[in-house]
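In case you want the letters, here they are:
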Amino acid sequence: MDEARIARRGLSPRLWLAGGWLLLALLAAIFAPLIAPQDPLAQDLMLERLPPFWLDGAEPGYWLGTDSLGRDLLSRLIFGGRIAFIVAFAAATSACLIGSALGLIAGYFGGWADRIISRIVDVWMAFPPVLFAILLVAVLGTGLSSVILAIAIIDWTRFCRVIRAEAMSQSRMDYVESARIAGYGRIGIMLREVLPNVLPSVVALLSLEMGIAVIVEAILSFVNLSISTDDPTWGSIIAEGRLSIHQAWWVLVFPLITLILTVLSFSQFGEALKARFDPVLR
Amino acid sequence: MLLQRFLVRLLTMLVTLFGVAIVVFVVIRVAPGNPIAMMLPPGASDDDVARLRALYGLDKSIVQQFFIWLGGVLHGDFGTSISLRQDVLGLVFNRLPATLELATVALLMAIAIGATAAILGARSRGTAVEAGIDVASGATLSIPDFLWGLVLILLFGVLVPVFDISGRVSPELDLPFVTQFYLVESILRLRFDLTWDLLKHMLMPALALALPLAAIIAQLLKQSLKEVLDLDYVVLARVKGFSETQVILREALKNAALPTLTLVGVQFTFLIGGTVIVERLFSYEGLGNMAIDAVINRDLPLIQGIVLVFALLFVLINLTVDMMYALLNPRLRHG
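First to last, the sequence lines map onto chains A and B.
Residue 28 is where the first sequence starts when you use my numbering, and the numbers rise one by one after that.
Residue 45 is where the second sequence starts when you use my numbering, and the numbers rise one by one after that.
For the record, the hints were derived by calculation from the structure and aren't laboratory data.
Just so you know, not all the hints are guaranteed correct.
With beta-carbon atoms standing in for the labels, derived distance ranges [what the hints assert, rightly or not]: (1) B:Ser287 to A:Leu218: 55 to 63 Å; (2) B:Val202 to A:Asp71: 22 to 30 Å; (3) A:Thr169 to B:Tyr369: 38 to 46 Å; (4) B:Phe286 to A:Ala140: 48 to 56 Å; (5) B:Val206 to A:Ser271: 16 to 24 Å; (6) B:Glu271 to A:Pro223: 30 to 38 Å; (7) A:Gly215 to B:Val279: 51 to 59 Å; (8) B:Asp103 to A:Leu44: 57 to 65 Å; (9) A:Gly215 to B:Arg73: 40 to 48 Å; (10) B:Pro220 to A:Arg142: 50 to 58 Å; (11) B:Phe137 to A:Gly170: 30 to 38 Å; (12) A:Asp201 to B:Glu271: 26 to 34 Å.
Incomplete in silico selection of chain A near chain B, CB under 7 Å [said to hold, decoys possible]: (13) Val150; (14) Pro155; (15) Pro156; (16) Leu158; (17) Ile161; (18) Leu162; (19) Ala165; (20) Val166; (21) Ile242; (22) Ile246; (23) Ile272; (24) Leu283; (25) Leu291; (26) Ser294.
If the Cβ cut is set under 10 Å, some of the chain A residues that face chain B in the computed set are [unchecked claim]: (27) Arg146; (28) Asp149; (29) Trp151; (30) Met152; (31) Ala153; (32) Phe154; (33) Val157; (34) Leu163; (35) Leu167; (36) Gly238; (37) Leu252; (38) Trp276; (39) Leu286; (40) Phe293.
Note that this is a predicted model, so its numbers are computed, not measured.
Note that the Cβ used here is the ideal one computed from N, Cα and C, for glycine as well.
Using the sequences and the accompanying hints, generate a full structural model.
Given below as C-alpha cells:
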C-alpha cells in the first residue's frame, strides 16, 4: 500500500509534464495557421539550410532553421503535428474499438468464438508489424485514411489480447454470477457488468497506442508511403533530415526531439491513467 | 506429456503459417497497381502483357493461384521475383543470414545490458541507484527502435563519428567469404580485421534494436531477483559470508532467470520484426531492407516469400521458447 502511494506520488509530476507537452503540441497543431511563423510549403532557395536562431547565419523569423529547399522547419513541425494527432486519435480509437469488441467476445463467451478469434490473433502476431503496415499502405494507396486503416488493421490485436484476458477473469467473478441469477442476459451482462471493469485497461492501452500510431505514421512517411509528399509530416521531415544529416543536422534533430517527447508523453500518460484507475493500486 | 505438448504446438504452428499464407496472398492481390505493366517498356503490346501474365500465373483465378503457389512452396519453390528476375528462395537465403546475424548480436547486447542493469539494481535495492535504473529503463522502453536508430546515427555517426551508419561492410574490402554469414565466417577464418569492420557497421543498428528489449529485461529480471533474494537459501548464502554480488551471481540468478527467459523469447520476435525498419535506416543489406524494396516495386512473389519466411522464423522461435520453458520448469516437466 505504501509502495503504491509512493508510486502514485512519483507519477504525478510526470503526468503533468506528459499532459502538458501533449496539450501544447495539440494546441499548436489545431491553431497551426495562426501560430506557424512561415508558410510550411514555401520554398526559397536563397534561404536553404539556414541554421537555428542561436547559430551564426540564422535569419530572424526562421527559429529552428530551414531545410534543403529553404522551407521553415518550425512551421513544418507545427503543421506536421496535425497529421500526427489525427492519425494518433483516429487509428488508436479504431484499433481499440475492433480489438476491444473482439477481445470482450472471446473472453466472455469463450468456446468457439474464443478459439477462432485467438487463431486470428496468432496469425496476426506472426507478421512483422512494420512490414505489414508498409504492405497494407502500398496496397490501399497512400493517403491519410489508408494510414489510419492500416494501423487499425494491424494493432487491434494489442487490445484484443489484453481485453480477452481481463474479460475472462472478470466473467468468473461472483458479481457476474449474481447478475446471471438476477436474470440478466449474456450480452447485457457483458456490456453492463464486464465492460466497465475492463475499461481502465482499455484507456491505458489507448494512450499507449496513440504513441505507437504516431511512430508508425513517421515510419511510413520515412519510407515515403504515407500522406502525399507535399504535406509536411514528422516522418517526412526526418527522412529529409537523414539525407542531409552532414550538412544540416537540425533538420533531423528537431523532429526527432518532437517525436521522442510525444511518444514518451503518450506512454507516461497511459501508465499514470492505469495507476489511477487500477483498483488494487488505488 | 512433453511430446504431446510439442505435437499440439506444432499443429497450431502449421495452422498459423497457413493463415499467414492466405492473408498475405489475399492482401497483395487486391493491390490496384499492375506489376506486369512496370516490367514492360512503354508501348508494349497487349500480347506481351498477356504472355507475361501467363508466365507469372496471374491469368488464373485467385484460388487457383493460391494453390499453385502453395504447392510450389511445399516443394521449396517460392516462385521468381518480378523485379530482380531471380529465384525467390535464393534471394531470401542470400539476405537472411545478414538479418539473423544482426538480430543475434542485438539479442546478446540486450541480455548483457539488461542483466547488468538488473543485477546492479537488485544489489543496490532501495537506493538512488535503483531509482535511477527504474527511470532510465522506463524511458528507454517507451522509445521504439526506429527512434533509437536515429538518435544513434546523430550521436555516433555525426557528433562523434566512431561507427559506420550505412551498409553491412566497407565496400572497398575484398571478402573471401563463401557463405552469407559474414560475421561467423570472419571469426572462423581468423580474419579479425574483417570482424571488426563488420561489427563497426553492425553495432549501431544492433544497439537500436537492443535498447527497448534491454529495458524490459532489466525491469523483469530485477523484480525476480528481488523476490528470490528474500528466500531462505539466499539468506543462508549471505550468512556464509558471500558478498551481495556473489550471492546474486552464484545463487539468485539461476532461479530468477526463468520468467525473463520466457519473455525474452517472445520479445525476440518483436526484435526481428524491428529489423525491417532499422535495416532501412542504416542501409543494412538484410531481408527487411529487401522486403521494403519488394513492396515498393510491387514484387508479389518476393513479398510473399519474405513474409512467409519471417512468419516461419517467428513461430519457430515461439515453439523453441515454449519447449525450453517446459523442459526447464520442474512443475511442467513432471506435470
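Against the structure, the hints:
1. B:Ser287 to A:Leu218: 55 to 63 Å: For A:Leu218 against B:Ser287, whose Cβ atoms are near 58 Å apart, the range 55 to 63 Å holds.
2. B:Val202 to A:Asp71: 22 to 30 Å: holds, 26 Å
3. A:Thr169 to B:Tyr369: 38 to 46 Å: Holds, since A:Thr169 and B:Tyr369 (Cβ atoms, about 43 Å apart) stay within the stated range.
4. B:Phe286 to A:Ala140: 48 to 56 Å: Check passed, 54 Å falls within 48 to 56 Å.
5. B:Val206 to A:Ser271: 16 to 24 Å: Between B:Val206 and A:Ser271, where Cβ atoms are some 21 Å apart, the hint holds.
6. B:Glu271 to A:Pro223: 30 to 38 Å: holds, 33 Å
7. A:Gly215 to B:Val279: 51 to 59 Å: Since the Cβ atoms of A:Gly215 and B:Val279 sit about 53 Å apart, the hinted range of 51 to 59 Å holds.
8. B:Asp103 to A:Leu44: 57 to 65 Å: Holds: the Cβ-Cβ distance is about 60 Å, inside 57 to 65 Å.
9. A:Gly215 to B:Arg73: 40 to 48 Å: With Cβ atoms ~42 Å apart, the hint holds.
10. B:Pro220 to A:Arg142: 50 to 58 Å: For B:Pro220 and A:Arg142 the Cβ distance comes to about 53 Å; the hint holds.
11. B:Phe137 to A:Gly170: 30 to 38 Å: Since B:Phe137 and A:Gly170 have Cβ atoms about 36 Å apart, the given range 30 to 38 Å holds.
12. A:Asp201 to B:Glu271: 26 to 34 Å: holds, 30 Å
13. Val150: Check passed: Cβ of A:Val150 comes within 4 Å of chain B, closer than 7 Å.
14. Pro155: holds, 4 Å
15. Pro156: holds, 6 Å
16. Leu158: holds, 5 Å
17. Ile161: For A:Ile161, the interface hint holds, since the closest Cβ of chain B sits about 5 Å away, which is under 7 Å.
18. Leu162: holds, 5 Å
19. Ala165: With Cβ-Cβ at 5 Å, under 7 Å, it holds.
20. Val166: holds, 4 Å
21. Ile242: For A:Ile242, the interface hint holds, since the closest Cβ of chain B sits about 5 Å away, which is under 7 Å.
22. Ile246: Hint holds; A:Ile246 Cβ to chain B Cβ min 5 Å, cut 7 Å.
23. Ile272: holds, 6 Å
24. Leu283: A:Leu283 check passes; min Cβ-Cβ to chain B is 5 Å, inside 7 Å.
25. Leu291: holds, 5 Å
26. Ser294: Holds: closest Cβ of chain B sits about 4 Å from A:Ser294, inside 7 Å.
27. Arg146: At about 7 Å, which falls below the 10 Å cut-off, the nearest Cβ of chain B leaves the hint on A:Arg146 intact, so it holds.
28. Asp149: holds, 5 Å
29. Trp151: Nearest chain B Cβ about 8 Å off; hint holds.
30. Met152: With Cβ-Cβ at 7 Å, under 10 Å, it holds.
31. Ala153: Result: holds, 4 Å to nearest chain B Cβ.
32. Phe154: For A:Phe154, the interface hint holds, since the closest Cβ of chain B sits about 7 Å away, which is under 10 Å.
33. Val157: Hint holds; A:Val157 Cβ to chain B Cβ min 5 Å, cut 10 Å.
34. Leu163: holds, 7 Å
35. Leu167: holds, 9 Å
36. Gly238: This hint holds: A:Gly238 lies near chain B, its Cβ roughly 7 Å from the closest one there, short of 10 Å.
37. Leu252: Hint on A:Leu252: holds, closest Cβ of chain B at ~8 Å, below 10 Å.
38. Trp276: holds, 6 Å
39. Leu286: holds, 6 Å
40. Phe293: holds, 8 Å
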